[in-house]
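Asks: In case you want the letters, here they are:
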Amino acid sequence: DAGVIQSPRHEVTEMGQEVTLRCKPISGHDYLFWYRQTMMRGLELLIYFNNNVPIDDSGMPEDRFSAKMPNASFSTLKIQPSEPRDSAVYFCASSIDGPSGGNEQFFGPGTRLTVL
Amino acid sequence: KQEVTQIPAALSVPEGENLVLNCSFTDSAIYNLQWFRQDPGKGLTSLLLIQSSQREQTSGRLNASLDKSSGRSTLYIAASQPGDSATYLCATFRPGGYQKVTFGIGTKLQVIP
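Protein sequences appear in the order of chains A and B.
Each residue of the first sequence is one higher than the one before, starting from 1 at the first, in this note's numbering.
Each residue of the second sequence is one higher than the one before, starting from 1 at the first, in this note's numbering.
No lab work stands behind these hints, which were simulated from the structure alone.
C-beta atoms are modelled at their ideal positions from N, C-alpha and C, and glycine is treated no differently.
Treat each hint with caution, since some may be false.
As the list claims (entries may be wrong) - Example chain B residues on the side facing chain A (calculated, C-beta under 7 Å, incomplete):
{"id": "1", "residue": "L19"}
{"id": "2", "residue": "Y31"}
{"id": "3", "residue": "Q51"}
{"id": "4", "residue": "Q54"}
{"id": "5", "residue": "G71"}
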């Protein structure tokens, strides 16, 4: 398996623009996680899905953020409108089971977002 | 609210030295704890996962221990190598509510040849 795939790897946009980040989890993994990493706050869980259904979005910072998982092999994280403080590295991860399980999470390479 | 602290924030050691990285957490009601490494500009690579019922896990030169009652975990790296240079993060996984998954800020390790 190619592992968790994320695109784009880098995104530079201007404030107010819509940004869409994409993720393809490892085949057979029922759980998908979106994280954000900044120097100030470290890694934060934004939202996670089980079998394409959002289970916990309590980490999503604002209504400007939304995530979808239309099928088992694809998820998007959208920011509309984007702001400079959204600049961060966004990671997608997948696992066989959820936070209570005994299986590891596998991370994608991340998308480095810069909002000017 | 779970807080995960990693000490030290940075560590520089000569090659071949054995070393210990520390992780402490405030809420002991965890399902499991996972150690990751992160190389500059890269994603996270899982190293070891310890379930709440376990005391330790080993993989090659790595050994991770868990003491839930005291809210501590350690990652022991034996015979360190320059290739071990990376940032090491620990994360706790808890039931219910906000912050199901909480990461520490990490320990940046440099192994000097």
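Asks: Now look at each hint and say whether the structure bears it out.
Replies: Hint-by-hint comparison with the structure:
Taken as an interface hint, B:L19 does not check out: its beta carbon lies about 22 Å from the nearest beta carbon of chain A, beyond 7 Å. Against a cut-off of 7 Å between C-beta atoms, the interface hint on B:Y31 holds, since the closest Cβ of chain A lies about 4 Å away. Interface hint status for B:Q51: upheld, as the beta-carbon distance to the closest one in chain A is roughly 5 Å, under 7 Å. Taking 7 Å as the C-beta cut-off, the interface hint given for B:Q54 is violated, the closest approach to chain A being about 9 Å.
With its C-beta approaching chain A no nearer than about 18 Å, B:G71 sits outside the 7 Å limit, and its interface hint is violated.
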